[in-house]
Amino acid sequence: MTDSVRDTVVGIIAQQAVLEPAEVEMTASLEDLGIDSLGLVEAIFAIEEAFDISVPFNANDPAETAGFDISSVAAIVAAVEALVAGKDAAEDRA
Amino acid sequence: MHRVVITGAGTVNALGQDVPATLEALREGRCGIGPLELRDVGRLNIRIGAQVRGWDPEAHFNRQDIALFDKFTQFTIHAARQAIAQSGLAFEDALSLASGVVLGTAGGGVNTWDENYRAVYEEGKNRVHPFVVPKLMNNAAASHVSMEWNLRGPTFTVATACASSNHAMGQAFHMVRSGAATVMITGGSEAMLCFGGIKAWEGLRVMSRDACRPFSLNRNGMVQGEGAGVFVFEEYDHARARGADILAEVVGFAMSSDAGDIVMPSAQGAERAITGALRDARLDPEDVGYINAHGTGTAANDKTECAAVAHAFGQHADRLMISSTKSMHGHLIGGTGAVELLACIMALREGVIAPTIGYEEPDPECALDVVPNTAREARVAAVLSNAFAFGGLNAVLALRRV
Numbered sequence: 001m002t003d004s005v006r007d008t009v010v011g012i013i014a015q016q017a018v019l020e021p022a023e024v025e026m027t028a029s030l031e032d033l034g035i036d037s038l039g040l041v042e043a044i045f046a047i048e049e050a051f052d053i054s055v056p057f058n059a060n061d062p063a064e065t066a067g068f069d070i071s072s073v074a075a076i077v078a079a080v081e082a083l084v085a086g087k088d089a090a091e092d093r094a
Numbered sequence: 001m002h003r004v005v006i007t008g009a010g011t012v013n014a015l016g017q018d019v020p021a022t023l024e025a026l027r028e029g030r031c032g033i034g035p036l037e038l039r040d041v042g043r044l045n046i047r048i049g050a051q052v053r054g055w056d057p058e059a060h061f062n063r064q065d066i067a068l069f070d071k072f073t074q075f076t077i078h079a080a081r082q083a084i085a086q087s088g089l090a091f092e093d094a095l096s097l098a099s100g101v102v103l104g105t106a107g108g109g110v111n112t113w114d115e116n117y118r119a120v121y122e123e124g125k126n127r128v129h130p131f132v133v134p135k136l137m138n139n140a141a142a143s144h145v146s147m148e149w150n151l152r153g154p155t156f157t158v159a160t161a162c163a164s165s166n167h168a169m170g171q172a173f174h175m176v177r178s179g180a181a182t183v184m185i186t187g188g189s190e191a192m193l194c195f196g197g198i199k200a201w202e203g204l205r206v207m208s209r210d211a212c213r214p215f216s217l218n219r220n221g222m223v224q225g226e227g228a229g230v231f232v233f234e235e236y237d238h239a240r241a242r243g244a245d246i247l248a249e250v251v252g253f254a255m256s257s258d259a260g261d262i263v264m265p266s267a268q269g270a271e272r273a274i275t276g277a278l279r280d281a282r283l284d285p286e287d288v289g290y291i292n293a294h295g296t297g298t299a300a301n302d303k304t305e306c307a308a309v310a311h312a313f314g315q316h317a318d319r320l321m322i323s324s325t326k327s328m329h330g331h332l333i334g335g336t337g338a339v340e341l342l343a344c345i346m347a348l349r350e351g352v353i354a355p356t357i358g359y360e361e362p363d364p365e366c367a368l369d370v371v372p373n374t375a376r377e378a379r380v381a382a383v384l385s386n387a388f389a390f391g392g393l394n395a396v397l398a399l400r401r402v
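Same order as they appear, the protein sequences are chains A and B.
Heads up: the first sequence begins at 1 in this note's numbering, then just goes up one per residue.
Heads up: the second sequence begins at 1 in this note's numbering, then just goes up one per residue.
Source of the hints: derived by calculation from the structure; they are not laboratory data.
Incorrect hints may appear among the rest.
Under 10 Å between C-beta atoms, here's a sample of chain A residues computed to sit facing chain B [as the list claims (entries may be wrong)]: (1) Ser-37; (2) Val-41; (3) Ala-59.
Beyond 10 Å from chain B on every Cβ pair, some chain A residues (computed) [as the list claims (entries may be wrong)]: (4) Arg-6; (5) Ala-14; (6) Met-26; (7) Thr-27; (8) Ser-29; (9) Ile-70; (10) Ala-74; (11) Ala-78; (12) Lys-87.
Note that the structure is predicted; figures quoted are calculated from it, not measured.
Note that CB positions come from ideal geometry on N, CA and C, so glycine has one too.
If we strip away everything but chain B, and leave its shape as in the complex, we get (with noise of 0.2 Å):
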């Protein structure tokens, strides 16, 4: 068994498109939500969202590049370069065969789908360009990574909805740690914030019109974002050995599945995710300090999630702190976990807890301490990352400061 650390982190959300601006965004307490701004949006029931502004794709990759990129896959690259260069990593020989990729995604290239349902349904055209199905494939961000770093490992996308990027880290923490690769590179991405995108989910009468505000009495719903987050997940010994910058360890990991209900949580899939990634870590609920929730801000998801965390932690439960974070950049459905997991860092890091912002009532069915609207700064030496999907499938990580 071999330990498994993080050396290299990169984003864009809402919140910035590099770290650091996402971590200040986070300390700050600012939200990324507002009014969409895209096509169509007048027929849309549901008109804000967590953008990504001013994205530049010119700024960022050449023609081609932009032709067969959908935007998750930008998205993705984007990160990747950050994290990447962050951890002074270059593939070459050995390593780029014991290097791989592992992502997770929910929609993939949904953007593409949409424009060119449009182009043949709406418009009447028979012709689509010919780099459509490999633009809105799933595979086709962690396929682009594979490449640009020449990573000729193990690569894959995961798809568990909201639960993806979870998933994703997860399988890239058992690959480094059982020795089938030295390098992942993980994480998760999504770019679902076009009109069928959004009218998908208005279906289901789950969003909220005004704002994501998680635990709070009158929350109403969940709100989409976009974007993502790469991580570089390697070996210990390889990264003490080139005296690289480690940002945290991945210490544990478990799944469940509900086997219960499509879309309605089960508060004991998800403590069974919770305990059982305790338990891989070899982790004392009284070690941990910070649980970055999976807060939908949905009247469902909280208070199942707070029953879970309550029975999970016992008594504990009540000393210890957990936010939700999407209050503020937002649900990126299959890359929010790997947003989120920015959050376990700087906890872990820096000792800043990012806060739930958007709080105003308590309910006494979400009852503990889920650092409302402001940033508290505490020193914590564990932490968890909740993700739990439609579906029943549940994804929880456990990192330690190093």
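For reference, chain A alone in the conformation it holds in the complex (with noise of 0.2 Å):
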């Protein structure tokens, strides 16, 4: 499960990228990795559709974008893992 989040976070963002899944470094940030501000909300965006979470991120408010690091692309795979983790205790309660 975890495996797949973080191979599934990783496919959306070696496609903004432009790059192999393989060159993703886990340590490496988006800027790195040349996503520019666009690429970032639409990678969010592939990320919401894919696991069907909404991922709390404002381009203007770090604030409100607090609880989502996308500081690394470590980082952002451990997010999305808590916020998928999150919906499906959600469900199991339902």
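Make the complex out of the two chains shown on their own, each in a separate frame, by following the hints.
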């Protein structure tokens, strides 16, 4: 499950960066990968669609985005895993 | 080269349904932004906007007109009636042939698109009303103004996103200045506050969920508005000869393209439009007392705009006033420059500078006099109005007191 989240997120980021997934280092920042602000917004949209989650992100407001760390690929994967886990827990309760 | 003056103004926006009500709200620093009231608002993430409250089409139009007029056209006609009535002009004979219309809108009949897509996609209908196309087309408003007042000269619509109105008014200015027209009805309108119109903007992640706070360190995005601003641009000698009340003179206009990024603004592109307008108007930087900013309340626009103004004006940047009235009437997208021109006219005619409301924390990257929260009395001789659109298209107008 965790691997599949990572693979999917890395796949989305790789597509934005025009790289092969194997070329995406987990420690790299989006800037390192050459992803600009539009690329970031597009990647977040793709993540939301892939996992059916809502990512707290406002391009103007670091505070609103604080719960979603975008400082590196690994951080994004971890943040998505947390959101997916939260969603699964909510569904289990339902 | 002819001189160009403004002899009529009209508006409808979240602050008021005419010019006096709007100016009063601008003077008082009143906020027109509030909870959106529209269909399916519960499925939106952004639920605030500067809506025109209590808009009653039946009070202004007959049934046949309402069937043909999208809301952006209704707003336009309502504002044009005020502007043309104030000017006192009647368009007959030669004047009718020498007068035209150039209006700005980014989306045109967005409500009409929205309602009819619902009908065919959501409700599964296979038939739409016969007037869908003439209602939604971007030039509908300009054409209806032309028809209602018998304006038979150059008439068209300009669409440059958030700079549409300024580009339109710049074209009107050029046409009267060059002698191609004696009178131009100009300005712009937007009516994008419907489910699809807001959902589209949500996608970009640049919208605030709570308020528009231009230049404030804690700003967190833009807030959409709706409405129209319409003006009568008239050749100076023509206006003088008939004893018209002149609201202000349009003295310069410049446009530039960033040729850079589709959404990120460029300080250099903005600066070229600002300095171009000054040059066109033969104004020295020191002549300008007030700038109505584009001031969207996004992180990117406000710091870029302040850098452009600081660089264009040098030391004088610290002495002029710059405010964003979007904090009150929201961002009217293609109609925004037209409503903002009212604040410029108020500054020149009444000596009142509209404030930037919602200002809470200074931002070192926006270190100009943004007239925070409270209007100010000041005598200014010349003003600029900035508009910087997505797509990197910039349009700046220069006005002077007459």
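Okay, which hints does this one fail, numbers in order? Hint check: nothing fails, all pass.
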